[in-house]
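Asks: Position one of the sequence shown corresponds to residue 4 (my numbering), numbered consecutively onward.
Among the hints, a few may not be true.
[Said to hold, decoys possible] DEER-style ranges, computed between Cβ atoms:
| no. | residue 1 | residue 2 | range |
| --- | --- | --- | --- |
| 1 | Gln46 | Glu102 | 36 to 42 Å |
| 2 | Ile45 | Glu102 | 25 to 31 Å |
| 3 | Trp75 | Arg158 | 41 to 47 Å |
| 4 | Lys62 | Asp36 | 32 to 38 Å |
| 5 | Ala48 | Pro134 | 34 to 40 Å |
| 6 | Pro134 | Glu109 | 18 to 24 Å |
| 7 | Pro138 | Asp55 | 21 to 27 Å |
It should be emphasised that the hints constitute simulated quantities derived from the structure, not laboratory data. Keep in mind that this is a model prediction, so the values were computed, not measured. C-beta: ideal position from N, C-alpha, C; glycine also.
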Amino acid sequence: MTDRQPEQPEGPEREGQRDVRTGRAAARNRMRDQTRYVDLEIQQAMARGEFDDLPGAGKPIQGLGTQHDPDWWIKQLIERENITGVLPPALQLRKDDAELDGRLDELLTEREVREEVEEFNARVLRARYTPVDGPPLVTQPRDVEETVAAWRARRRTTKPPAPSPEPPPRRERRSWFRRSR
4 MTDRQPEQPE GPEREGQRDV RTGRAAARNR MRDQTRYVDL EIQQAMARGE FDDLPGAGKP
64 IQGLGTQHDP DWWIKQLIER ENITGVLPPA LQLRKDDAEL DGRLDELLTE REVREEVEEF
124 NARVLRARYT PVDGPPLVTQ PRDVEETVAA WRARRRTTKP PAPSPEPPPR RERRSWFRRS
184 R
């Protein structure tokens with residue numbers, strides 16, 4: 004007795020027969036017709052105009068002809084989604100130090116400024132005592148009193164916000180159930 008399976012005819016004469024391996028003819032037929040189906044779907048979508056007005060239509064492909072960068076997709080994602088906070092701690096602290104005065108100028112009270120500077124200093128100290136991962140840490144903690152004094156000086160030179168108009172005086176309202184005389 005042999006282990007060979009009987010030969011199956013190829014082509015259209017096998018159309019109604021079942022696949023020996025899977026017992027199904029539909030899967031075999033679907034795989035054979037897959038490219039034809041995809042091409043037909045694309046042609047129908049083009050006829051419906053679904054590919055009209057796509058972003059970048061008629062424009063050259065960005066980065067075509069430049070050197071291949073294996074991290075191109077992550078760089079584009081960061082740029083497109085405006086993702087921040089993915090820098091190594093030392094570089095993130097440098098960036099935060101450069102932007103700190105601008106953030107402080109948006110705050111309204113001295114207490115908020117002190118809290119922001121103390122939080123920044125705590126992050127610098129935490130990074131200083133953590134093992135170095137990336138470039139070395141060169142950012143120094145800020146002196147709270149000097150920073151608050153500089154914030155006050157900047158506030159004096161800028162025009163204070165206009166005071167909000169006072170609401171009109173409230174009229175005494177009469178109760179709805181009282182009779183007028």
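Asks: In ascending order, which of the hints set out earlier in this document are inconsistent with the structure?
Replies: 1, 2, 5, 6, 7
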